[in-house]
Every structure is written in C-alpha cells, then in structure tokens.
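**Student:** Taking the hints into account, I'd like the entire structure generated from these sequences.
There are 4 protein chains.
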Amino acid sequence: MASQDNPDALVLSDDPLHPANLIPELCRNFYQLGWVTGTGGGISIRVGDKVYIAPSGVQKERILPVHIFVLPYPQAAPSPHTDRVFLRRPTLNLKESACTPLFWNAFDLRDAGSCIHTHSQHAVMATLLWPGETFTISHQEVCSHSVSAPEGVARALSYLDTLVVPIIENTPNEEDLKDSMAEAMKNYPDAAGILVRRHGVYVWGSDWEKAKTQAECLDYLFEIGVKMKLAGLETVLSS
Amino acid sequence: MASQDNPDALVLSDDPLHPANLIPELCRNFYQLGWVTGTGGGISIRVGDKVYIAPSGVQKERILPVHIFVLPYPQAAPSPHTDRVFLRRPTLNLKESACTPLFWNAFDLRDAGSCIHTHSQHAVMATLLWPGETFTISHQEVCSHSVSAPEGVARALSYLDTLVVPIIENTPNEEDLKDSMAEAMKNYPDAAGILVRRHGVYVWGSDWEKAKTQAECLDYLFEIGVKMKLAGLETVLSS
Amino acid sequence: MASQDNPDALVLSDDPLHPANLIPELCRNFYQLGWVTGTGGGISIRVGDKVYIAPSGVQKERILPVHIFVLPYPQAAPSPHTDRVFLRRPTLNLKESACTPLFWNAFDLRDAGSCIHTHSQHAVMATLLWPGETFTISHQEVCSHSVSAPEGVARALSYLDTLVVPIIENTPNEEDLKDSMAEAMKNYPDAAGILVRRHGVYVWGSDWEKAKTQAECLDYLFEIGVKMKLAGLETVLSS
Amino acid sequence: MASQDNPDALVLSDDPLHPANLIPELCRNFYQLGWVTGTGGGISIRVGDKVYIAPSGVQKERILPVHIFVLPYPQAAPSPHTDRVFLRRPTLNLKESACTPLFWNAFDLRDAGSCIHTHSQHAVMATLLWPGETFTISHQEVCSHSVSAPEGVARALSYLDTLVVPIIENTPNEEDLKDSMAEAMKNYPDAAGILVRRHGVYVWGSDWEKAKTQAECLDYLFEIGVKMKLAGLETVLSS
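Chains as they are written, first to last, in the working numbering: chain A, 319 to 557; chain B, 319 to 557; chain C, 319 to 557; chain D, 319 to 557.
Any given hint might turn out to be false.
Partial list, computed: chain A residues near chain B (C-beta under 8 Å) [said to hold, decoys possible]:
(1) E459
(2) S476
(3) K530
Source of the hints: derived by calculation from the structure; they are not laboratory data. Please read all numbers here as calculations on a predicted model, not as lab measurements. Every residue gets a Cβ at the ideal spot worked out from N, C-alpha and C, and that includes glycine.
**Tutor:** This is how it looks when you write it as structure tokens:
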C-alpha cells in the first residue's frame, strides 16, 4: 500500500480541502477568533478510516501539513494508558494533541467527522457565570442555526427551544477528561457540545464544516449569554 | 438568450464588481465584522431585473460565485407558499437564503438595490436593552452619515435628528417575518432598517455600497447605544 | 508644467509611500481599527505645497489613488464660503472630504504634514464620560509616546505628565467646526489632538507617520481611560 | 570575517525564520493583537552570541529587516550609562529600542533566547485592578500552558497551581526599570513574566516560539482575570 511505503503521502496533497491542508488553515482562522491563543485548542478531522490530528504544545496558527498525525480509525479508545497506533507521524520531535482521547469520544459516541476544541474566553466565562451543570439559553435566532445532536438523529433547534450545553469539571491532565466527557455525552444525548469549566469547549459535527459552524454558533451564544447575564437579563424565557 | 442557454454565465465574470463576485467578497468582510457567524446573515444584490442571492445554511465567508442563485425581478413576492422562479441555480445541493422574502420587502417597498442581514451582537443587544417597539438614538455624528429612507425621497439625517429603527418580534421560521417586517416598513416610512428582536437586523440601500455603509452606520450606533445604556447615559437628547 | 497638462500624474506613482498610495492603504488600516466605519473619518497628507485629500461620503477602505483630490498649499483657508482651488480632481462624481477646513487648521496652526480624523468609539465614549472641556489622563506609559504639541516646539510628554485633549461641541455641519477647533488649538497650545463631542477626534503630526502614531496613542488612552472610568478608577494621579 | 566586512549581511536572509525576518513579521502579528499600538512594545531575539533588536519610536508593524540592530552577546549589561557595542546598525537615523537593558535582564538572568514587551491593555488593566505586588490567578487551563521559569529548571504549571506575575512600578525613563525588574526576577524565581504598573509586561522564553506562546498565555490570563475581577469573581481558588 502506497501510504505504508511512504506515510508522508498521507499529508501531502494539492487539494485545499484535504484534511492535512484544512487543519492548518482552520487553525489560522481559529487564531484570529481568539480560540487557540498560545498553544491551546485545535481541530481533528476524521475521513472514513483515518483521523488527522494536530501536534500538541505548538503555535496552532503556524502548523504545516507535515506536522499532522494520522491515526487509523477505529481503534480501541487511545487513552494515556493505551498504545496508540499511527499511520503517519511527523519526523520532528512532536507529540500528538493531548485532546486525542476527547476527540475520540466525538468519533465513537457521535459518529462525528470532526471535533473542535477551543479555549475561547466566551466559553470560559460562561462556565464561570453558570456555576451549575449546564449552560442554557433560549430565544436566540442563532440557536436555530445549531443542531442539538449531530449524529444519526440530528435535529435542528427551533428559536423557541432551550439550548443546553453540559459543563464538566476540569482536571489537571487533559486526557483525564475522557470519562467525564463521555458520561456527559451519554446523560445529555441532545448536547450540542461539552463545556469544560475554566478551560473551554469541545464541539463536533458530521464533517468539518458542520463542526465549525456549530462551534461558531455556540461561541456566539456563550458570548451573548455572558453579556446578557452581566447586564442582568434572563437568558432562558418560558415560551 | 445566452443566459438561458448557459445560466452559469450569469455568475461568471472577470469584473470584481459583478454581484456574483461582490457577494462572496462582502460576506468575507462581514465575517470579519462578526455579522455572519456560523451560517447566519448575508447580502442580496438586485441589478435591474435580476436578483443575486447567496445560499442558506453555509459558511458565508467561504461562498464562491458558483454558489449564487439568480432570480428574475419583479416576480410575485416569493414566500414559502409561492413557487419561486430562478434564472440560475447552483448545481450543488443548496437552497437559497431563507431571507429571500425579507430581501424582497426591501426591493418591493423601498426600490432597494441591495439588502443586508446580520446577526451582529450589537443589533441583538440593542433589541434586548430597548424592550419597546423602536431603537432610538440622537446626537451622534454617525447618525448624519445614515439616511432615513433610502428610497426616492431619501433624506440624510442631521446630527440633531433622532434615528429610529423599528424592532419586530422574531418568529421560529425566518420567512414568517415577511409580513411584520413589511408592516413596520409601512408604519415607519423613514426607517433606516428593521431590527428583529433576539435575531439581528435588515438594512437596505439603493445599491450595495449604500446598503453596506448604512449597515455599518447602524451597527456603529447599536454598539455605542448599548455601551451608553450600560454606562447609564441617555441615548436621546432633546435638541 | 507637467501636472497642469496631466493632473492625474499627481496621483499616479509606483512609490508605495506616495501620498496618493498611502491614503488608500492607511484608510484600509483605519477600517480594521474601527476608525472609519461607514463613510466617516479619513486622513489628509501635505507634502510641501500640495495637500492630498480623500473624497467624502465613500467607503474609506475602498478608496483608490484615482479618487484623491490635490489642493495647492497655502491658500486662504478653504471654508464652505470660499472657492477652493484644486490641482487635481477625480473625474468621478465625488466631493472632497467635508473635513477639509479642519485639516487646514492643522496645516495652518501647527504646520502639520498630516491630519487624521476618526469616529473611533473610544474617542466618542471619552467625550461622553468626560462631560467637561477636556479629556485628561496621567501616569500611563503610552502618554510618553505622545507629543504635546507636534509643531516647532514639539515636546514629548513624560509618564508623570497629564495629557490634555480639549473637547469641542459638535455641530450639524462638519465644516462649522472650523472656528471652535481653531479656538481650542489656540487655547491649548500643547493639545495632542482635538476631541469633538459625540463625534470623534482630530489628530495631527509633522508627517503621516507621526500623525498615525499619535492617533494610535491617543486612541489607546481614550480606550483605557474609558475602561478605568467605568471600573471606578481615577485617571489622573497627583505626582 | 564576512559580517565585519559587510554588517548588512547580518540582517539579510532568505530564511523566513531568520531573526531579522521574524522580528518584522512578529511585530505585525503583535500589532493585530493590540500589543504594540503607536510605537510601543516589541521583541528581541538572541541566537548564540548575537542579539537582534528593533528600533525605538517607530511604527512596529512597518519594521523592515534593514531596520534591525545586531549586538554581540555577552557584553556588560548595556545600560544608558554604558557604551553599547553593535555588530550592525541601520544606516537610517534610528535608535535601538529603549527596552534594550530590560531585554538584557532576560538574557542574563534567565538565559532567554527571546524577550517580548507589550503595552497590552489587558496587562495594564491587570496592574490597575491588582494594586499589590503581584498578579495572581489559578484554576485556569491556560495556566497549564505557561511555564513558571523558562530557564534551566523550567517547570510547567499545573491547572491547580497559582500563576504569579510580579508587578513593578513604572518610571519616567524606560531604561530605569532595569534594576527593579532584575530584583523582581530574583525575588520571584518562578515568575512567568514581569508586569510594569500602568505600562505593560515583559515576557521571555528559551526561544522566540516559547516567548511568544508564553506572552499569549499571560495576556489571555490578564484578560480573563480582569473580566473575572470586574464581574466580582475570585481569581484564586484554594485547591
């Protein structure tokens, strides 16, 4: 198989929509949005039996296609306690994103084609001003551009619906979030994403376009929710 | 007629000011301004007997000329209950903007050459902090860069005038806003645009340049109006 | 004289630092900063006996060199009541910037080589939160990057100095600000710029680079001054 | 030696990662972030026995490689009272950054390969809302992307740790900060950077990439810390 002979062929393509080209471009986009400040956040894309993942601890707006990791899918959830299998690794001294087990949750539990993680301050402020188990907002037109469960039974929210995003507690090691994120995804089958307190948000979609638009919608709602809360306005109305 | 033989010729042009080139460029501009986050918002342009409209539910900053719909004008207001006539549709699986009937209001009732819809958070916050039927502000220099009624009798506002933007209530289906928007345009013949509560704003002009500058002026006024209100300042002075 | 034979030669140059190239580039820069939203604001540059001015009422981020007006300097202050003399006018149906008489104040009274006018919301908010005759701030490092009077006797401010920017009242016609702006410039010979209530700011410098850096420093100070005032912090300390 | 024969060779390179190319590019990046408004802020890079420094008092987003100063390292701390030695100076009438002695602190005391200085408003607001000797924040995921002491014993912070950034008082002459900055770096060996009250921040790293990501992480923490403080939230939790 060509890609086994030359694994680098997995990340070299003239197609701007190839995952190894899209991930660097989208990370530059996310940098402009303030989502991946420093070395935080990122995006993974799954196409069929391959998962494309950015490296950890690097400037996300300067990633190049040669920095991308490719993993086979499915494989037993690649946790810190599991040996991960790779189809291709960068030759540089890089480590795959620490979010890898969390991206896997979206692939395994929601059949997602892409998962985005941001450190957006709107997301973090939302987790601080909503001290309970969920962020909720209703009666915002942008809610109707989100989907409640982008899996087989994906259903678009109505303007009148209440968008619910579960909030899980942060842990010192990002990979340790895997179980609590999975539990929240099971407890909230309609969840549009998962907030992590004092950390950020994970959002997924059936492909990178749906993941990105969903991430932008949620970020918009976190931002306006925070503004409303600080202005003393209710964020959920009874219909 | 060439365009009937080859409808794609209607959206293929080397002229950067051709509507099918302008709409993608302006949507990228609006994305930078935070007006079309996710898949919301957009712009339509009417030149003579043709209306150019972007697709619905897609990332607005990534639209290409081949994605543009072209409709003949005039035609009976194309509501959800009416069969719309097209001169050209994209070959992709796309649907025309859900705002189409609302853009039509601007064309029919104001003889507009362009209509812009944004989900700007400044517009949405203005509708939340002005709970009544209108947003009002006076004594801002930028008011004098707006026009009160960009139709035949367009009149520039003075610095001393009060700018009035009617606010209509949102509905679960965007197309259902058509009648209440039309009613507000009739009740407020000088309206500079129409706000939609918890949703955004519609702004028009006799051409795309006037629509865009008007949309920027209004957005500026929503933003500073919200800042003033939150700082406890009056937004309308008696002259 | 070549330029009388072909006035367009006055605005056509391969040099990116030629005023007719700089003005469009700087206006795009100012658009990104939020200084020239809609059609407001702009910059004029004087080089020796020629003044380069942008048109009025157009999108400032889309100006081209061919849109630039060139006026001879000196000439009797070109007020609305005076016939202005031009070396070159665009062939399009454009009018020179309504700020022309105010730019002239900077040239005549401060020997400026450039004058910038912005509608920055930081400037406008400063005029609302400082209801008196001046905006004042001290003990900000950025003060020491401003100059108090960029004329013959220009003197850099110290970190310990209080920066003073006079505030004049706005008028319905921009050109009518000429006399009150001139009066403020005479009353405050050290003024770093002139704020116009509910309108914006005029800032000048001995060349375009000094005008731009001064405008950025003042805008920074308006922004942080407003933040401090809203947070209940004093903006002027006794040394 | 070639570079003595032709010092300009020290700043002319086709390699985009050469310090003389990186400094202009990064300064444009920092301008977009609002870190170097006007003429403030900048970055220096040390590679082996050479230090690359930008000029003082110029627009940082318009620096070119030919504007860069090159100094030999080590040399006796180049204070205002010391004759500085240069390997290369621009032919223009430029002066090296006034921050030079402060950059030297990072090289001498932390063996840094790069030092960044910003006038970020988030940093300045942090020094105003934390009136004591340090800015402190804990339980933010971004803390764990910072390092506490990027020298030989660099240690990544944990999410549970409290990030401490000493605040020193500003002085009218930037170079006079050298001693108090050095003292703070000695008193706080784990300091992630040094804030200067009403002025900005100095941040360093073992190379330009670590300095930049550290600067972004700290700026993020100043920004969210200020938001939390203004919203009445505690910024340090007991674990």
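**Student:** For a quick check of understanding: which of the numbered hints are violated here, in increasing order?
**Tutor:** Hint check: nothing fails, all pass.
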